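A.B. asks: Could you put together the complete structure from these sequences and hints?
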Amino acid sequence: MSTQLLYQGKAKDIYGTDDPDQIISVYKDQATMLNGARKEEIAGKGRLNNLISSLIFERLNKAGVATHFIKRLSETEQLNKMVSIIPLEVVLRNRTAGSFSKRFGLKEGLVLETPIIEFYYKNDDLDDPFINDEHVTFLGLATSDEVAYLKSETRRINELLKEWFAEIGLTLVDFKLEFGKDKDGQILLADEFSPDNCRLWDAKGNHLDKDVFRRNLGSLTEVYARVLERLQAVAEKEE
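Numbering (this note's numbering), first residue to last: 443 to 681.
Note that these hints are calculated values from the structure, not bench results.
The reader is advised that the hints may include incorrect statements.
Claimed, not checked - Listed next, the in silico PhoX-like pairs over lysine-lysine satisfying Cα-Cα at most 20 angstroms (straight line):
| no. | residue 1 | residue 2 |
| --- | --- | --- |
| 1 | LYS618 | LYS564 |
| 2 | LYS604 | LYS504 |
| 3 | LYS523 | LYS513 |
| 4 | LYS604 | LYS646 |
| 5 | LYS564 | LYS623 |
| 6 | LYS452 | LYS481 |
| 7 | LYS564 | LYS593 |
| 8 | LYS646 | LYS549 |
| 9 | LYS604 | LYS593 |
| 10 | LYS623 | LYS523 |
| 11 | LYS625 | LYS523 |
| 12 | LYS604 | LYS618 |
| 13 | LYS623 | LYS513 |
| 14 | LYS523 | LYS504 |
| 15 | LYS679 | LYS504 |
Note that this is a predicted model, so its numbers are computed, not measured.
C.D. replies: Right, dumping it as structure tokens:
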């Protein structure tokens, strides 16, 4: 199996394989914020993100969501389908929090009657600016039909994830998704799904997500481990 490094990211490194349609994603022990302006090595983080993301993707696959996930190879590695990433961050918000609260001067935790979807242009040099549907089509990032699909699929994924996290006593506040196209042009959910790219609150309003790192609220690996334990307990019951 090839070990050619294809891409070095903030949270993962991507390697090629002998199959041109498959890659290996290796999760790293690195936490970043502000597009990498702050970086910190946190032992065990890569393992936790990989195990959590693998469980979520396995469940999404079973629910009929088209994803890039094939299987988990080790505690820090996944085998994924090769995709060409659409340079969009698709953010869905169920409650007010983070930049959304700051932008509109709202306190965190307000329930949004209808979940709100936002697009951000994936471009580090431009600091991933917020854009709308018309910007997306003008820049040639996706067609209007693809934009509609990304929205509908994100809303479907949200309904699944909200239910699953509610089962383990957590509220899914918001999350960020990335999608890509395979060799046949099919749009697949890609990247990862972990507390790095979503907000999860417990019944007491405690953060079990990356805000622990952003806001210096405690041990990131301790709260990620709690999320993993709850997900694993449900997975074991379903086997």
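A.B. asks: Quick check: which numbered hints come out false for this structure?
C.D. replies: none
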